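Those protein sequences? They're chains P, A and R, same order as listed. When we follow the numbering used here, the leftmost residue of the first sequence carries the number 1, and every step to the right adds one. When we follow the numbering used here, the leftmost residue of the second sequence carries the number 1001, and every step to the right adds one. When we follow the numbering used here, the leftmost residue of the third sequence carries the number 2001, and every step to the right adds one.
Please keep in mind that the hints were generated in silico from the structure rather than gathered at the bench. Just so it is clear, the structure is predicted and the values come from calculations on it, not from any experiment. Please note: incorrect hints may appear among the correct ones.
Below, computed lysine to any residue pairings styled on SDA-like, alpha-carbon distance capped at 25 Å [as the list claims (entries may be wrong)]:
#1 P/Lys121 / A/His1397
#2 A/Lys1255 / R/Phe2110
#3 R/Lys2269 / A/Lys1395
#4 A/Lys1279 / R/Lys2184
#5 R/Lys2184 / P/Arg50
#6 A/Lys1395 / R/Lys2057
#7 R/Lys2057 / P/Lys121
#8 R/Lys2037 / A/Lys1255
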Amino acid sequence: MNTRELTCIGCPLGCTVTVTMENGEVTAVTGNTCPKGDAYARKEVTNPTRIVTSTVRVTGGVAPMVNVKTASDIPKDKIFDCVEAIKDIVVAAPVKIGDVVLSDVAGTGVDMVAARNIAVK
Amino acid sequence: MYDVAIIGAGVIGSAIARELSKYQASICVIEREEDVCNGTSKANSAIIHAGFDAKPGTLKAKLNVHGNEMMDKLSEDLDIPFKRNGSLVVCTKDQDRDGLMKLLEKGIANGVPDLKILERDELMQMEPNLSDDVECALYAPTGGIVCPFNMTIAFAENACDNGVSFFLNTEVLNIKKDDDHFCLETLHTDTKESEVFEAKIVINAAGVHSDEMNNMVSEHKLHITARRGEYFLLDKDAGSYVSCTVFQLPSKMGKGVLVSPTIHGNLLVGPTAEDVDSKDALNTTLDGLDSLGRTAALSVKNVPLRQVITSFAGLRAHEASDDFIIGEAEDVSGFINAAGIESPGLTSAPAIGEMVAGQVKEMLALMEKENFISTRKGVLHADTLSLEERNQLIKEHPEYGNIICRCEMISEGEILDAIHRPLGARSLDGVKRRTRAGMGRCQAGFCSPRTMEILQRELPMTMFDITKNGVGSNIVIGTNKEMR
Amino acid sequence: MKNYDIVIVGGGPAGLAAAVSARDHGTDSILIIERDKELGGILNQCIHNGFGLHTFKEELTGPEYASRFIDQVLDRGIEYKLNTMVMDISTMEGSSDKKVTAMNRTDGMFEIQAKAVILAMGCRERSRGALNIPGYRPAGIFSAGTAQRLVNMEGYMPGREVVILGSGDIGLIMARRMTLEGAKVKVVAELMPYSGGLKRNIVQCLDDFDIPLKLSHTVIDIEGKERVEAVTIAEVGPDRKPIPGTEERYTCDTLLLSCGLIPENELSKSVGVEINPVTSGPVVNDSLETSIDGVFACGNVLHVHDLVDYVSQEAITAGKNAAAYVKNGAAADAKAVEILPVDGVRYTVPKFIRPTEMDDNLTVRFRVGDVYKNCAIATYFNDTLISKRKRPVMAPGEMEQVILSKSKLNEFPDLEKITIRIEQA
């Protein structure tokens, strides 16, 4: 049996959560103040994930860059692959929140989507 | 071949250039940095001294008092922000009153007008924030405050308008005397190209480096020590904490520091005085900054140091002989020094300009120009206009309606003016010194990306070429994505 | 002179929510004045997610959060002027109205008469100069927010090798952001013995990328004449002075500063609003009205917030009360009770409460001055303990709150003071 102490990133509260594991299985989660903390802790010790945010270039828009995010969280060890995958992407204005900038980013099955509206210049 | 080559575009080189540009002569100014006013001239107390401090009979005494006298007309002709706010040298109860009386006597000997000793009661009426220990003070109503950037830039621009050529980013590596002229070997600090300038007369106004210039040609060696002074600049909210420039009576503990309003309404505290080995040692130090508050408290109580918006250091060119060294080197005809110009150098600059130009005029038998342009207008600050005038200006030039620096309320119009005038700004600091954009309480946090945008739009440069203050001080190093 | 019922200075999250709220509470004539080229304020450069959990029950990026409020402003047809700088606010002679002087390229300098003004100018970052960091003054020293703007909005990289001073949230966020764009963030130094940012940001911005956080450390030297070449940090003692012998030198080309935010109240001062020296923001009552009748404040200009959700909530209150002021004029003089922040509570917003005028429930927000573990927030009316709420951890980087109810206050007709303090649980 071993335990790990984590800081939940589910919300700004940042609860300190203790996860107890036995043979690679989570047997207990304590210290969380909401169900999110439980879910986060279980995931963090088995398959940690993150939302990735970045930017891509825009042509013909009122701004040179548009910010993007993964539509849902992706495996933590794919963060850099994800950033690498969108490196050379250029989108044409107009861009709308939710527009898919790159589908199935870095083989995660998750789309990279625009997170801001950019009008045509 | 130039008639005259001036090394250094600080306030001294620029003042000399401006005086000389009254005559029919070909003149160049060679400056190592990317802009004029980039050495001692940009980091000092910004004071026009009354002239009671220097030893009677010295060049410092004579040129200080005369320089001070010249400021009213110069300020009007060249649009230099200047105000006679008066100077006080305060004496605390632990100090010897005789010291103050000696200062008064020196001042009278130097010809400083209207000096008087004020007692505590009267002083407190004038300056309620003086420290409780202050007993009396020497008051010099002719003491003043000036914008050292604008003063230098004004001289340089006016010289430029009158035909003087300025070579910036140009470092003098060697000076050789041929029979009747000098060869100045230079290196362009950006392109790394060499160029030789030839001139009949060379004027050495190289600030802390003036010993190096002199020693290349003269056997009468000079030795300049860089004396560092560290300062605090406080928010405009604290700008009226004192109205006069408050000096401390020198004592065993040192010369003390001054507390003074600046011409733009900030409060200045400094300088420390420390001899340093390097002539590039423009760094502030933990100890130096730490000491400023303590020392200032001797004369002014509770200086609101929480309102410091920036600190900086300047180097003063201290020469071993302790006086300005002005005039032809004894063993090198045609090589004129304006060296060892430490305080009161800024005040003396107009008089030094006149003196050196006078010497050159004699040597080359120069004739006055008929078409000398004697005036110059600075960057138009829209906040000095009436509402109607301002709106007329914005109608004609909408850029004046677009505020870029929100702390100092500087518009795009003013920045465009700074870029497109003679010897215009090429860097963020160049814009700052000409307009004050970025000089306020947020210290360019907000306006620098916007000013960069304007610079790259107006000049043949990209965002990557834009610097804070010349070669090597680039702000951004690439675009996103290319570093991955 | 143009007339509006309410002029809102600033089109960031505070100004937007205040405008929507004022309209929804019955004021038609509203003008938002924004100095930037678009609405949304600083949120536009905050491209990370984590905004809006309270307001929208989902995690949004800054621009998404802003766009939800911008849409509400547009839906309601609320007027706004972009690229326009408010130059001055003053009271008008012979009237309770305010005069707002503003300027832009097309209208020039113009004046607006307003019945009420809502201050929503936000804040600025503390600069290197204000921190008194010794050393050279080369290029390569940026406030974290300036770097954020360059990277996220303009697409430029400020440097390759980075040291960050200050563990405020913007600094932590920029540590990750610069890392993702290929820079090497070598260390984050924090003067205090605790981080100034949210715990989640330490996990996902530093720990995820093995960036060390050195608490009780500060920068004591900056090297480099033209561009930053190295930065020296040292440990500080309890007096926050560097401890000799603990110096560590990091070669780098960039120093980012994330050392606190300062409410930007120059305009507030111009109209004569009283400023609380602790928050550097206006002193306000339960209506979020300042010492000047008809001038309200909300968001980071009032006090620096940790979460934008709270900014929006506060702005909704300010908008509602400004609308009531427009409708009813200045409130009759009512008894105001001061909230005293003591024992670890640094300040409260609001500072004064009028029990007869306030809403049924009032959120009082504040920050603590140190890290407190297993303590409680206690509220006293006069000397009577009213509530005591246990908090496992409280830190200066995070806002705390107490909710006061009107009914409870009315049980104390002789109420002289309200005290909020940190106590042992």
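Evaluation of the provided hints:
1. P/Lys121 / A/His1397: holds (23 Å)
2. A/Lys1255 / R/Phe2110: Given pair A/Lys1255, R/Phe2110 is violated - Cα atoms ~50 Å apart, limit 25 Å.
3. R/Lys2269 / A/Lys1395: violated (30 Å)
4. A/Lys1279 / R/Lys2184: Violated: A/Lys1279 and R/Lys2184 sit about 32 Å apart, past 25 Å.
5. R/Lys2184 / P/Arg50: Given that 25 Å is the threshold and the Cα spacing comes to 20 Å, the pair holds.
6. A/Lys1395 / R/Lys2057: Violated, because 48 Å separates the two Cα atoms, which is more than 25 Å.
7. R/Lys2057 / P/Lys121: violated (33 Å)
8. R/Lys2037 / A/Lys1255: Violated, because 51 Å separates the two Cα atoms, which is more than 25 Å.
Of the numbered hints listed earlier, those contradicted by the structure are 2, 3, 4, 6, 7 and 8.
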